[in-house]
Amino acid sequence: DQQVKQNSPSLSVQEGRISILNCDYTNSMFDYFLWYKKYPAEGPTFLISISSIKDKNEDGRFTVFLNKSAKHLSLHIVPSQPGDSAVYFCAASGENAGNMLTFGGGTRLMVKP
Amino acid sequence: EAGVAQSPRYKIIEKRQSVAFWCNPISGHATLYWYQQILGQGPKLLIQFQNNGVVDDSQLPKDRFSAERLKGVDSTLKIQPAKLEDSAVYLCASSLNRVNIQYFGAGTRLSVL
Chain A
1 DQQVKQNSPS
11 LSVQEGRISI
21 LNCDYTNSMF
31 DYFLWYKKYP
41 AEGPTFLISI
51 SSIKDKNEDG
61 RFTVFLNKSA
71 KHLSLHIVPS
81 QPGDSAVYFC
91 AASGENAGNM
101 LTFGGGTRLM
111 VKP
Chain B
114 EAGVAQSPRY
124 KIIEKRQSVA
134 FWCNPISGHA
144 TLYWYQQILG
154 QGPKLLIQFQ
164 NNGVVDDSQL
174 PKDRFSAERL
184 KGVDSTLKIQ
194 PAKLEDSAVY
204 LCASSLNRVN
214 IQYFGAGTRL
224 SVL
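Residue numbers (the working numbering), protein chains in the order written: chain A, 1 to 113; chain B, 114 to 226.
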């Protein structure tokens with residue numbers, strides 16, 4: 001039973017364009033959501049997060065949107081750069097889940113120069 | 114600030130052998146996590162420590178996996194005996210406490226032949 005799903009295993013985008021990565025969740029008790037980025041042979045690194053009391057959080061080129069009614073969140077990268085090429089993981093947690101992270105399967109983003 | 118250190122980086126063993134992984138978290142981080150990441154999937158939590166006590170080990174296959182965090186700092190994860198399906202990257206992460214951002218090490222890639 002996958003509680004966090006990333007339905008697109010890969011995404012290819014031209015440099016300078018917008019990248020949109022999507023994530024869906026099923027557990028309504030999740031109240032905190034994170035995006036992690038992973039380069040090959042490295043551990044995941046924290047990118048951006050959002051609390052369920054917000055519907056948008058922005059940090060430079062990265063913006064996360066949360067639609068609680070649809071149980072959907074998305075990560076927007078504008079403009080995309082070749083260095084953004086990595087695997088992106090969506091993760092969710094909730095106080096009732098012991099604040100433990102449940103990860104999606106990841107989306108591999110390729111930004112072409 | 115030094116990150117989460119893990120060793121070894123790679124390990125190849127035959128099935129039914131035993132193996133151990135070591136993790137040194139970021140200094141001052143009370144919470145330590147071990148994750149298993151199978152190829153093409155997101156990280157899955159195996160066990161969570163708060164200082165030297167276990168918070169959650171519900172996903173740990175206790176018939177073959179064990180973990181300890183003596184003195185509330187370093188941690189070891191052991192598999193005995195290993196099975197083919199244990200081939201994965203084992204990630205260690207730490208956070209200041211249970212509600213903070215988790216920082217990951219580079220992981221140990223285990224291949225069971």
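By construction, these hints were calculated from the structure, which means they are not laboratory data.
Please read these numbers as outputs of a predicted model, since none were measured by experiment.
Among the clues, some could well be false.
No farther apart than 35 Å at their CA atoms in a straight line, the calculated lysine-lysine pairs in the DSBU-like style are these [stated by the list, open to error]:
id, chain 1, residue 1, chain 2, residue 2
1, B, 184, A, 71
2, B, 196, B, 124
3, B, 124, A, 5
4, A, 54, B, 157
5, A, 71, B, 157
How the hints compare with the structure:
no.: 1; hint: 184/B with 71/A; in the structure: violated, 41 Å
no.: 2; hint: 196/B with 124/B; in the structure: holds, 14 Å
no.: 3; hint: 124/B with 5/A; in the structure: holds, 30 Å
no.: 4; hint: 54/A with 157/B; in the structure: holds, 27 Å
no.: 5; hint: 71/A with 157/B; in the structure: holds, 21 Å
Comparing the model with each earlier hint shows a violation of hint 1 alone; every other hint is respected.
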